[in-house]
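Protein chains in written order, with numbering that gives the first Met the number 0: chain C, 0 to 163; chain F, 0 to 590.
If you are wondering where the hints come from, they were derived from the structure by calculation, not from laboratory data.
One or more of the hints may lead you astray.
Unchecked claim - Under the rule of at most 25 angstroms between Cα atoms (straight-line distance), these lysine-lysine pairs were calculated in the BS3-like manner:
{"#": "1", "chain 1": "F", "residue 1": "K540", "chain 2": "F", "residue 2": "K568"}
{"#": "2", "chain 1": "F", "residue 1": "K540", "chain 2": "C", "residue 2": "K149"}
{"#": "3", "chain 1": "C", "residue 1": "K149", "chain 2": "F", "residue 2": "K348"}
{"#": "4", "chain 1": "F", "residue 1": "K439", "chain 2": "C", "residue 2": "K102"}
{"#": "5", "chain 1": "F", "residue 1": "K516", "chain 2": "F", "residue 2": "K530"}
{"#": "6", "chain 1": "F", "residue 1": "K439", "chain 2": "F", "residue 2": "K290"}
{"#": "7", "chain 1": "C", "residue 1": "K102", "chain 2": "F", "residue 2": "K63"}
{"#": "8", "chain 1": "F", "residue 1": "K537", "chain 2": "F", "residue 2": "K568"}
{"#": "9", "chain 1": "F", "residue 1": "K334", "chain 2": "F", "residue 2": "K323"}
{"#": "10", "chain 1": "C", "residue 1": "K48", "chain 2": "F", "residue 2": "K284"}
{"#": "11", "chain 1": "F", "residue 1": "K524", "chain 2": "F", "residue 2": "K568"}
{"#": "12", "chain 1": "F", "residue 1": "K530", "chain 2": "F", "residue 2": "K540"}
{"#": "13", "chain 1": "F", "residue 1": "K439", "chain 2": "F", "residue 2": "K483"}
{"#": "14", "chain 1": "F", "residue 1": "K423", "chain 2": "C", "residue 2": "K149"}
{"#": "15", "chain 1": "F", "residue 1": "K407", "chain 2": "F", "residue 2": "K481"}
{"#": "16", "chain 1": "F", "residue 1": "K284", "chain 2": "F", "residue 2": "K444"}
{"#": "17", "chain 1": "F", "residue 1": "K290", "chain 2": "F", "residue 2": "K481"}
{"#": "18", "chain 1": "C", "residue 1": "K149", "chain 2": "F", "residue 2": "K524"}
{"#": "19", "chain 1": "C", "residue 1": "K102", "chain 2": "F", "residue 2": "K362"}
{"#": "20", "chain 1": "F", "residue 1": "K38", "chain 2": "F", "residue 2": "K28"}
{"#": "21", "chain 1": "F", "residue 1": "K568", "chain 2": "C", "residue 2": "K149"}
{"#": "22", "chain 1": "F", "residue 1": "K95", "chain 2": "F", "residue 2": "K362"}
{"#": "23", "chain 1": "C", "residue 1": "K149", "chain 2": "C", "residue 2": "K163"}
{"#": "24", "chain 1": "F", "residue 1": "K28", "chain 2": "F", "residue 2": "K63"}
{"#": "25", "chain 1": "C", "residue 1": "K38", "chain 2": "F", "residue 2": "K568"}
{"#": "26", "chain 1": "F", "residue 1": "K95", "chain 2": "F", "residue 2": "K348"}
{"#": "27", "chain 1": "F", "residue 1": "K481", "chain 2": "F", "residue 2": "K503"}
{"#": "28", "chain 1": "C", "residue 1": "K38", "chain 2": "F", "residue 2": "K236"}
{"#": "29", "chain 1": "F", "residue 1": "K63", "chain 2": "F", "residue 2": "K95"}
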Amino acid sequence: MPDMTSQDVEHEIRDGDSFRAFAPTSASVIPLLQQIQEKYGYLSESNLKRVSEYTHTPLSTIYGVATFYSQFRLTHPGKHLIRVCQGTACHVLGAVEIMDHFKEQLGIDEDGTTADGLFTLESVRCLGCCSLAPAMMIDDETYGRLTRDKVDDILASHRSEEAK
Amino acid sequence: MSHITEIRVGLATCGIAAGAEPVYSALQKELAAIDVPVKLKRVGCIGMCYNEPLVDVVTDKGDKSTYGHVRVEDVSRIVNEHIIGGRPVQELLVPKDGFFDRQVRIVLENCGIIDPESIDEYIAQSGYEALKTVLTVMSPQEVIEKVTASGLRGRGGAGFPTGVKWGFAACEPSPDKYFICNADEGDPGAFMDRSVLEGDPHRVLEGMAIGAYAIGARHGYFYVRAEYPLAIRRIEKAIAQATSAGLIGEHVLGSDFSFEVQIKAGAGAFVCGEETALIASIEGKRGMPRKRPPYPAVSGLWGKPTNINNVETLANVPWIIRHKTEEFTRYGTEKSKGTKVFALAGKLKHSGLVEVPMGIPIKDIVFEIGGGIRDEGEFKAVQMGGPSGGCIPASMSDVPIDYESITKTGAIIGSGGLIVLDDKTCMVDLARFFMDFIQKESCGKCTFCRVGTKRMLETLTRICDGNGAPEDLDRLVDLADKVKVNSLCGLGQTAPNPVLTTVKYFREEYEAHIIDKSCPARVCKALIRYKIDPDRCKDCKVCTRGCPVEAISQGEGTFQTIDQGACIKCGTCYEACPFGAIDVLSGVEES
Chain C
0 MPDMTSQDVE HEIRDGDSFR AFAPTSASVI PLLQQIQEKY GYLSESNLKR
50 VSEYTHTPLS TIYGVATFYS QFRLTHPGKH LIRVCQGTAC HVLGAVEIMD
100 HFKEQLGIDE DGTTADGLFT LESVRCLGCC SLAPAMMIDD ETYGRLTRDK
150 VDDILASHRS EEAK
Chain F
0 MSHITEIRVG LATCGIAAGA EPVYSALQKE LAAIDVPVKL KRVGCIGMCY
50 NEPLVDVVTD KGDKSTYGHV RVEDVSRIVN EHIIGGRPVQ ELLVPKDGFF
100 DRQVRIVLEN CGIIDPESID EYIAQSGYEA LKTVLTVMSP QEVIEKVTAS
150 GLRGRGGAGF PTGVKWGFAA CEPSPDKYFI CNADEGDPGA FMDRSVLEGD
200 PHRVLEGMAI GAYAIGARHG YFYVRAEYPL AIRRIEKAIA QATSAGLIGE
250 HVLGSDFSFE VQIKAGAGAF VCGEETALIA SIEGKRGMPR KRPPYPAVSG
300 LWGKPTNINN VETLANVPWI IRHKTEEFTR YGTEKSKGTK VFALAGKLKH
350 SGLVEVPMGI PIKDIVFEIG GGIRDEGEFK AVQMGGPSGG CIPASMSDVP
400 IDYESITKTG AIIGSGGLIV LDDKTCMVDL ARFFMDFIQK ESCGKCTFCR
450 VGTKRMLETL TRICDGNGAP EDLDRLVDLA DKVKVNSLCG LGQTAPNPVL
500 TTVKYFREEY EAHIIDKSCP ARVCKALIRY KIDPDRCKDC KVCTRGCPVE
550 AISQGEGTFQ TIDQGACIKC GTCYEACPFG AIDVLSGVEE S
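Next comes chain C alone, as it looks inside the complex (with noise of 0.2 angstroms):
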């Protein structure tokens, strides 16, 4: 994942025609936030700051917004990000366990991003998966039906990818 530096942004509203494909209004403000943290995984302050000139929105109101919304992160993630669904069939059928099981593994509690910048663990409210349950999502692969030997297997098949 790139890093995010002040100039990329500026170079990407000046040359991209990524911002200008939306109407400088207010009503472009969560479009513009979700396609800012698609390319880099979060949303800088001056990033924040460009769609506040952008849209004619107070800084305030899209600080206002991106954190209303749990999809926005205002830190720069880690290379994969695993979300632990905590949906009720999940809950019920043990992910709680499964959370706390990645949390021993990787050393990290939710919102926390390992040493090496490789996982971001999060939780996420359902993905609709219920009868998968439980199941989590890493990157964009949802997987199913997980037991604390399939959490192990999936970090370890991640981890000798990463090694390559």
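Fit chain F to the supplied structure of chain C, relying on the hints for placement.
Showing chain F alone in chain C's frame:
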């Protein structure tokens, strides 16, 4: 003699998670190598999620053989023996289990049958015929009357009559009106709308266009959860296809009706299921509800008349238009007509997506369709309606599923999440789970919802931790009533339901936690302990090696023993023991 024409692979999110993509690729490869004219296609959710990955082999006569739990290594056998040889591979077929027997498919008519990315397949199943009928022979008023006569009620949870709702927006004289499809399926434990959008997106789009014509709206929005990327891609595709086919856009099918549709991806806020919060979110603001009136029908998006319907509601509309009203009203009860789609999950054998006529008793869904409780558990309750709903105990499982009967129990039908619970589910823990959810999702506008739910969560956590006091129960109920009365929107008004229903039907479980310091379901960690029975222990040390905190060691003899002070109660040893020699104890009980 029939011949095989089609192979369908269930590739909705659940199928993909279960490994259906590699199965599809393997089929593609095998079929490319042989000279048999069979169409291989990707379909949405077939419904039997418990058998994923699923492959349907279909003949020209419409007969279907369903293969379940298909692995890549099974593919060449299916192709060689069945597709080429004409003999189904019996041991790989899904056994007949009554899953579909009681179902009636209106909303899910095409789900798992057509390729959701093909408008031609949708059209071949009478798709967009309803829209044509409406535009050529029906006035907007006639459309509203027909939908009203069908008795269709909002499937998002509130159950408001759809035709009546359309009538409100239709009365407004404004030339700029909006029609929104609420696809912000936020209830944890619900995946009906995702499945419909992934499996049959054109149907929802058609329903929306019909509704827009009825109320006189030119602009439409799909407000979809960002967590549903596949659904978003499929709607995008459906909109593009329908636009180039002239089914949406300027002068639809040469008529005076014009309708353009956009997608707005939600950003993760449960409260945005509430209409005014959803509108605020589309406008780019924090999704906070506002006071009603004015209702969105009068002043909604950008201050213009706006109508909002849920995905499933809209998916019913084309079917209703295409059929005689009696064909819809023959299903259901006096006040709840038609069918309801449920996302069936939890402790039952057959979890999946089901569509049943309204009025079916709870127990028929659990036992006849769901196959009963798995892992030899005992049926304890169903949870309906997510964080706004409640738990209905097994003793009341004769209750028919219709809006009025379920509301009487203290739960709600809700959007259709139906989670089955067994004796290993702790009702206090479940109430705490929902309160935790609500407390985090409360937008913070109303004091009772913001602070009251926090206090309720603290009380529930205290009870689960074994620190509950006898007066806590009355306090909980008292505060629950106040949160209900003093909150502006549906989120706060219904937030106490999981607590109130569990206190009402499972009071003794709360009392066990508070008075006996015991969790009868053996879930609450502070109230349980693991103990190895020396007589049953074979001293194999599997538990000792697996313990993450080294809390297990050699006992005084040929058995292992757990240091209760060091144990973190993760349950790893309990799951690992090959001899079932570990007991979970709670309260004063001794093995």
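Check: Looking back at the numbered hints, which does the structure fail to meet, lowest number first?
Finding: 7, 19, 25
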